[in-house]
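Reassemble the complex: the two chains are provided individually, in unrelated frames, and hints are given to aid placement.
The listed protein sequences correspond, in order, to chains F and E.
Numbers 1 to 234, taken from this note's numbering, label the letters of the first sequence in order.
Numbers 1 to 288, taken from this note's numbering, label the letters of the second sequence in order.
Read the hints as simulated data drawn from the structure, not as lab findings.
Glycine residues also receive a C-beta, built at the ideal position from the N, C-alpha and C atoms.
Hints are not guaranteed to be accurate.
[Unchecked claim] Label pairs and their computed distance ranges (CB to CB):
hint: 1; chain 1: F; residue 1: Q193; chain 2: E; residue 2: D90; range: 32 to 38 Å
hint: 2; chain 1: E; residue 1: Y161; chain 2: F; residue 2: Y15; range: 36 to 42 Å
hint: 3; chain 1: E; residue 1: D90; chain 2: F; residue 2: Q19; range: 22 to 28 Å
hint: 4; chain 1: F; residue 1: R80; chain 2: E; residue 2: A147; range: 44 to 50 Å
hint: 5; chain 1: F; residue 1: R80; chain 2: E; residue 2: K285; range: 49 to 55 Å
[As the list claims (entries may be wrong)] Covered by chain E, according to a simulated footprint, are these stretches of chain F (three or more residues, beta-carbon under 8 Å):
hint: 6; stretch: 69-83
hint: 7; stretch: 88-102
Here are the chains, one letter per residue:
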Amino acid sequence: MPEPLLAVRALDAFYGDFQALFGVSLEVAPGEVVAVIGANGAGKSTLLKCIAGAMRSRRDAILFAGSPIGDEPAHAVVARGIALVPEGRRLFPSLSVEENLVIGGQLGRPGPWTLRRIYELFPALAERRHAPSTSLSGGQQQMVAIGRALMSNPKLLLCDEISLGLAPIVVREVYARLPSIVAEGSSLIVVEQDIVQALKAAKHVYCLQEGRVALTGPTASLTREAISAAYFGA
Amino acid sequence: MEWINIIVQGVLIGGLYAMFAAGLALIFGVMRLVNIAHGDLIVLAAYIALMTTETLGLNPLVAIIVVVPIMAAIGYLLQRALLNRTLGDDVLPPLLVTFGLSVIIQNALLELFTADSRRLNAGAIEVATVPLGAGVWIGILPLLQFAVAVAVIAGLQVLFYRTALGRAFRATSDDQAVAQLMGLDNRHVFALAMALSLAVIAVAGIFLAVRTNFDPAIGPARLIFGFEAVIIGGLGSMWGTLAGGIVLGVAQAIGAQIDPGWQVLAGHLAFLLILAVRPEGLFPKVQG
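Here chain E stands alone, though its shape is the one from the complex (with noise of 0.2 Å):
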């Protein structure tokens, strides 16, 4: 009974690494751009987010509606005024811009801030439960967080093949040119793509920030997470960004049950062990 509630609340972590690794992947797949900066934007999200509930006081859950326009905004602007012009045919630039990106947001969180622990208080939901039979109790947060994050992949899914502004993605990750020449501004499509994978972020930054303590260092580690779960769910389908998610939070939750310093550890070893056997991940891109 225990090990089934240990995969199961794996499993329902693993919505929120989904997420992480949602945004990243479309940047990726969008643009060839990796974003160092990723987890680092996922707690401004955090931030933004507490003073959201510190100033208007609403509930964590409902400021969303706030955060998730702040930072599509932010994300539009950002890939405007900045990282458009670090595209090219060099990897480099956008690799190294998006560092000291990341750089400069943990400083800036820090100095306005402090380093001190914060939380979003979410009030009774955090405790409520229920009974999944057998023993098993499940949390309505992590239940509400998985469901929200199979919501979030499944609207990625439908607006990339289904909409015209998802064809203009494809199309533009197809052939930059010839997309040009369809009549699409890349510029606007990829500040388009960055608004949308900010605006996840922002979903995912509050779920996090209720889940767990946060502070200004804790991004790196939550895009290594994002990276993880990219990897594992390979390129293909928005699916696999769900299926990295699951497996890479029911290994740290195995790992955390065998001994609670081995989390990350079980992790890395699940992530690795997928890069040797299956490197093109679990959903890989179907070569055209």
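Excised from the complex, chain F in its bound form (with noise of 0.2 Å):
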């Protein structure tokens, strides 16, 4: 077993007094695709956040390339090659196309992505660079919300809920673009209610349940059974 990139050892997350997540540990290894799925409320969200440093929680309590980072903010966290495809996209509305696609580069952190490599991946974006992110249909602004992430050329890229209110076609059509991210270097962690799409991308699993990991292993290895009874915790 190679060295996990990404290590989250006994993690507890808190808003105010309520508790969100409880003792959750999870390994991502260099170019893996993991997948975290659960019911609305479960975690899974906060579980990204923690790791994006959205949220700030214990320092050892998360270890990415085997340093603990679990106290760093958000902007020291991304640097470090960790970068979020925030739930709802949340693009900047005042910034154009290509703008938002700049400025997830700021840092100018070195790798494969560059504009070009990111219109390439996503060839509608092309056309509309120099449009208002807000005038792009659904899945074009998940496009540009994912090529936002990785103008920081991440080693990590978290995904949450890429396919949130977008067609089924629209979703497979995001969803096959995964695999030349990975072929890049780049380890994923796919956070999704929609499981279907996430156990296909996926090779391991975590399943959380009101902020416990109630079921984890390699996809292949789960039925759908006790996918499902750890799902909706029958």
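Quick look at the structure:
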């Protein structure tokens, strides 16, 4: 077993008095795609926020490439090579498509992803590069959000519900691009409520239920019944 | 002829108000902070210019190159050390803290410089004029002040829409949390915005101090003029602050012509009128 790129160790997370995560542990190997599934409110987005530094946690609860980063702010975490595609896309409405992408790369981390490569990955964006980001379709906005995160050349890309609010055909189109991202050397954590796409994309799956890991294992080894039980808490 | 002259003078003074307004609009736009101490910081810049001219023997217009970096540094430190701590979901703490800052600045200036009226002397340029034709003469100094104001506003507009720093300002203004995910440290971005705001104030403060007498208590009225120009102009564009400043300046000039006591009142009335018929201002922010 190679040393994991990311190791989450017994992570707890709180919103005020409300505890959202209870001792969650998770590992991602270099080049691996991991799916985190679970019902609404299971703590999936909270887990990604903690990893990305948008929520602070215990310093040694999150190790990235061997370094403890749990207490680092988001702007320092992205400099280390972790990028988040936030739930609901959250593009900058005052910025054009291209400006959204450029600001994603403003730290200047070296790597394979450049504006040109993003436009090759998502050709639909090249034609709309100077359009306001809010004028795009939902699917195209999701492509901008993914491209914006890739522009920081992350070693680990966190995708939060990238299928949310998109037509099934668009979801398939977006998911079809993930292998090219992995091929460039990024690991992926894919968080989804829509488990079909997530399970197809990932080698390893974690199922969260009410802030705890209810089930984990290689995707191939888990039965539908086991996943369903962990998902709904039957 | 007399009215043309009055309107021209109003437009020229409008440039000064636009510079007051630009600094306010910049801060509000980037971090939703309403800086009540803005007017007093303008006066502070005037006193720093006074010290610079007295100790270095510089012309006030040359002293700009000294005062601008000093004010920018004050802005950066003020934001990092104090104002960043007041920002959050609640809009009240920054209001209260900058109000307190306003009182502190006024009293500190009073202690250091007394309540005597002061003025910066820019020399022969103050009385130099050029003919505009048809019997209208324009002072070189008001003309220079207006030209500088236009240059400052144009510079801010370019900075906002054409540079990496402007992109960072707009992104942070749109969504602070996501801007941090892009690697932008919002504390630093806010401090740079405040530094820029006070750099603009430094220029405005010097022109104010050359134009008119100043003392430690005149800050709040400058804050009001700045506010009014921002509201009249709208928050959609830096050019809005210039339009707002000009409307305010012309209204005041016309009021003063009717009766010298009506100068400030006429400005307030123009402001209220715009607020009543076009509350979003002349250049409203387009909702994304």
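To see whether the hints hold, each was checked on the structure:
no. : hint                          : verdict
1   : F:Q193 with E:D90: 32 to 38 Å : holds, 33 Å
2   : E:Y161 with F:Y15: 36 to 42 Å : holds, 37 Å
3   : E:D90 with F:Q19: 22 to 28 Å  : holds, 25 Å
4   : F:R80 with E:A147: 44 to 50 Å : holds, 48 Å
5   : F:R80 with E:K285: 49 to 55 Å : violated, 36 Å
6   : 69-83                         : holds (count 6)
7   : 88-102                        : holds (count 7)
In the structure shown, a violation is registered for the earlier hint numbered 5 alone.
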